[in-house]
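*Asks:* Each protein sequence line maps, in turn, to chains A and B. Letter by letter, the first sequence follows residues 1 to 251 of our numbering. Letter by letter, the second sequence follows residues 1 to 367 of our numbering.
Treat the hints with care, since some could be wrong.
[As the list claims (entries may be wrong)] Computed, partial: chain A to chain B, Cβ under 7 Å:
#1 Val17
#2 Gly64
#3 Ile106
[What the hints assert, rightly or not] Calculated pairs, DSSO-like style, for lysine-lysine (alpha carbon to alpha carbon, straight line, at most 30 Å):
#4 Lys182(A) - Lys243(A)
#5 Lys243(A) - Lys178(A)
#6 Lys9(A) - Lys296(B)
#7 Lys152(A) - Lys296(B)
#8 Lys182(A) - Lys80(B)
#9 Lys28(A) - Lys9(A)
#10 Lys80(B) - Lys178(A)
#11 Lys300(B) - Lys9(A)
[To be verified] Beyond 12 Å from chain A on every Cβ pair, some chain B residues (computed):
#12 Ser143
#13 Ala165
#14 Ala181
#15 Ser217
#16 Gly309
These are computed hints drawn from the structure, not numbers from a lab. If you're wondering where the values come from, they're calculated on a predicted model, not measured in any experiment. Heads up, the beta-carbon is just placed ideally off N, CA and C, and yes, glycines get one too.
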Amino acid sequence: MDRPIAYDKLAREDRFVRMRAREVAQVKVEQGLPPFPGLFSRESIKERVHGIMVGELQAMEGAGRTVYDFPDAPWEFTMDMARQVWDESRHVDIYIRLLEHLDGYIGEFPETTILWRCACAEDAAARVAGVNRGLEGLACDVFNQLVHIARKMGDPILERAVDFVLADEITHVRMGSKWLTKLTEGDPERRRRAIEFQETIDERFNLGGARQDGAHDAVPISIAREARELGGFTDEEIERLIKTTQRSPVY
Amino acid sequence: MSAPVGASTRPDGDAGGPHPLQGFSSADESARLIRNYRYAVERMMRILGGWIALTPELSAKLLLGRHVWDNAQHADVLGKRLPELRAQAQMSEPPNAAFVAFMNAIEEPERPDQSVERLVGVYRVLKPHLIASYEDHLRRINSVYEPPTERILVRLIEEERRHVAAGSTILRHLSAAPGLAERGDAWQAQLEELLAAAGGVTGAGLPAPARLDGPPSTPALNDDPSQFIRLEQSPTHWPIPEALEGALAGFGAALVARDAAGLGRWLASELLAAGSPAARLAGLGPETHRVVAFAKIGDKRAVKIRLEGVRAAGAERRRDPPHALGPDGRRLARGSRRRGRPRPASARLTAVLSRVLIANRGRSPAG
Numbered sequence: 001m002d003r004p005i006a007y008d009k010l011a012r013e014d015r016f017v018r019m020r021a022r023e024v025a026q027v028k029v030e031q032g033l034p035p036f037p038g039l040f041s042r043e044s045i046k047e048r049v050h051g052i053m054v055g056e057l058q059a060m061e062g063a064g065r066t067v068y069d070f071p072d073a074p075w076e077f078t079m080d081m082a083r084q085v086w087d088e089s090r091h092v093d094i095y096i097r098l099l100e101h102l103d104g105y106i107g108e109f110p111e112t113t114i115l116w117r118c119a120c121a122e123d124a125a126a127r128v129a130g131v132n133r134g135l136e137g138l139a140c141d142v143f144n145q146l147v148h149i150a151r152k153m154g155d156p157i158l159e160r161a162v163d164f165v166l167a168d169e170i171t172h173v174r175m176g177s178k179w180l181t182k183l184t185e186g187d188p189e190r191r192r193r194a195i196e197f198q199e200t201i202d203e204r205f206n207l208g209g210a211r212q213d214g215a216h217d218a219v220p221i222s223i224a225r226e227a228r229e230l231g232g233f234t235d236e237e238i239e240r241l242i243k244t245t246q247r248s249p250v251y
Numbered sequence: 001m002s003a004p005v006g007a008s009t010r011p012d013g014d015a016g017g018p019h020p021l022q023g024f025s026s027a028d029e030s031a032r033l034i035r036n037y038r039y040a041v042e043r044m045m046r047i048l049g050g051w052i053a054l055t056p057e058l059s060a061k062l063l064l065g066r067h068v069w070d071n072a073q074h075a076d077v078l079g080k081r082l083p084e085l086r087a088q089a090q091m092s093e094p095p096n097a098a099f100v101a102f103m104n105a106i107e108e109p110e111r112p113d114q115s116v117e118r119l120v121g122v123y124r125v126l127k128p129h130l131i132a133s134y135e136d137h138l139r140r141i142n143s144v145y146e147p148p149t150e151r152i153l154v155r156l157i158e159e160e161r162r163h164v165a166a167g168s169t170i171l172r173h174l175s176a177a178p179g180l181a182e183r184g185d186a187w188q189a190q191l192e193e194l195l196a197a198a199g200g201v202t203g204a205g206l207p208a209p210a211r212l213d214g215p216p217s218t219p220a221l222n223d224d225p226s227q228f229i230r231l232e233q234s235p236t237h238w239p240i241p242e243a244l245e246g247a248l249a250g251f252g253a254a255l256v257a258r259d260a261a262g263l264g265r266w267l268a269s270e271l272l273a274a275g276s277p278a279a280r281l282a283g284l285g286p287e288t289h290r291v292v293a294f295a296k297i298g299d300k301r302a303v304k305i306r307l308e309g310v311r312a313a314g315a316e317r318r319r320d321p322p323h324a325l326g327p328d329g330r331r332l333a334r335g336s337r338r339r340g341r342p343r344p345a346s347a348r349l350t351a352v353l354s355r356v357l358i359a360n361r362g363r364s365p366a367g
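Same shape as in the complex, but just chain A (with noise of 0.2 Å):
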């Protein structure tokens, strides 16, 4: 097998109906509608579900690919991957019972590779920078308000099983916080580039100013601050991604 694969390699089932993020976003704006589905309605949660799904599906992958592509990672980074494989695995799972809980199916909506592109960078400690702490962290922000949202919507089956893969996603994050010191040890040169390589990702993933430093209800997707502390980010670098998303109009 390569190492890394092509991006265009990822093998799906038929149903799923695969598009450019920025080609869904712009249909979606033609027609009046928010480039991500906001949490308002249980069709637009949905949709959010949906996109969660496809969201760990990619995830269990990358992590996959990550145990595959640096055999020569410490043994114990290797470990944390084979982990984070098997906790997406079950995040998929859940989540497919979820969108089954909501009416949905496989499919449903387009799926966007936007998240698996950010799994494919080159070089271990930008990967898990990227992935680990760019996009579980968004994953944070993300269940962290959904959790809320069931809560408030009176769904203690939502919040509960959201709740705990939030918990699992915190931990990755730490993970991905622990390895970027660890891999970047002795060489800030790569340290710098991982982070560099997370903030694009964290710029990419402020969805045109839909992440926000918020009320869970007032904006379309709240940072979690208490959640981003537990997986290792500091006060500075949340200070850091909040400003990011003031200036972030481009989707």
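Start from chain A and add chain B according to the hints.
*Replies:* Same frame as chain A, now just chain B:
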């Protein structure tokens, strides 16, 4: 008169059996065997991880995803035993070059349509062989001074048996189409030859095959292969409006009929002006067509159509999908033939029109 070496009087008084302190290997040899096992397990674990992205079927993806972590733990526990045997921790060592070649062959099938070969290699050849090797080791191990290794092997055998049972369930599910089971059998035979040539995971020859026909332990809900299949078969019900269904049927019929003019009615005028997408689409000339995906984007719909029996000529080398927008900008079709499989030029192909986005909700095309 003293007894000969190796035949000392047994302190437990059981004169018929082997001496309780009799063993079959030195500590160094035991460490080597563990490094051999670890080589196979670690490499298998990495291969399973790498394959997840290359495997389309959800049931197989979930199976691989669950087992990567189990096998990482197996490699870890084997690796942690090594320093207890005066060896370096977490080291892997293949027994010989032929076993490396066997593992290379296991890893080889990576096309999306080779899930059966992937699973056969791991679940019908490698894992059963590992179980047999561990059991063989257990039969000969000394239970007085090697309980640490014994306990590890007992755990590995139990979990690998569960894996094999789960893999067999998924394989039966994936091999249902005609010819796939035979393809799997042929691949299994090839791999078994390579494994025998290597002398197995230890290089010392193949142990007696493990008996795998016993009832597997009941899997937890989280780890149950029948659940993976159930999730793969999660209901997909496309609420395609009747008129839209008619429009898609018309588009498909024009494709089958190789009717460029008929196809042209569905394509954007600007695209028709820029080239001849209708003629190129008509050149695909499939025998059949069917909708395989139907996704929502607000009020619009993204539709994927599978074409069976596509003519090779003209479709073989195209990489850029044709684009087609409806005359009013509301219809768009994009097609791309599936790539990656070498085929003879005259072969009948399967193609997927990856996207046909129709926003008119089934209104007939203008004209």
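*Asks:* Decide, hint by hint, whether the structure agrees.
*Replies:* Cross-check of the supplied hints:
1. Val17: For Val17(A), the interface hint holds, since the closest Cβ of chain B sits about 4 Å away, which is under 7 Å.
2. Gly64: 4 Å, holds
3. Ile106: With Cβ-Cβ at 6 Å, under 7 Å, it holds.
4. Lys182(A) - Lys243(A): Answer holds: Lys182(A) to Lys243(A) is near 27 Å, not above 30 Å.
5. Lys243(A) - Lys178(A): 24 Å, holds
6. Lys9(A) - Lys296(B): With a Cα-Cα distance of about 24 Å, the restraint between Lys9(A) and Lys296(B) holds, given a limit of 30 Å.
7. Lys152(A) - Lys296(B): Measuring from Cα to Cα gives roughly 27 Å; hence the hint holds.
8. Lys182(A) - Lys80(B): 21 Å, holds
9. Lys28(A) - Lys9(A): 27 Å, holds
10. Lys80(B) - Lys178(A): Roughly 22 Å between the alpha carbons, so the hint for Lys80(B) and Lys178(A) holds.
11. Lys300(B) - Lys9(A): Given pair Lys300(B), Lys9(A) holds - Cα atoms ~27 Å apart, limit 30 Å.
12. Ser143: 30 Å, holds
13. Ala165: 18 Å, holds
14. Ala181: 20 Å, holds
15. Ser217: 19 Å, holds
16. Gly309: Non-interface label on Gly309(B) holds, nearest chain A Cβ at 16 Å vs cutoff 12 Å.
No hint from the list above goes unmet by this structure.
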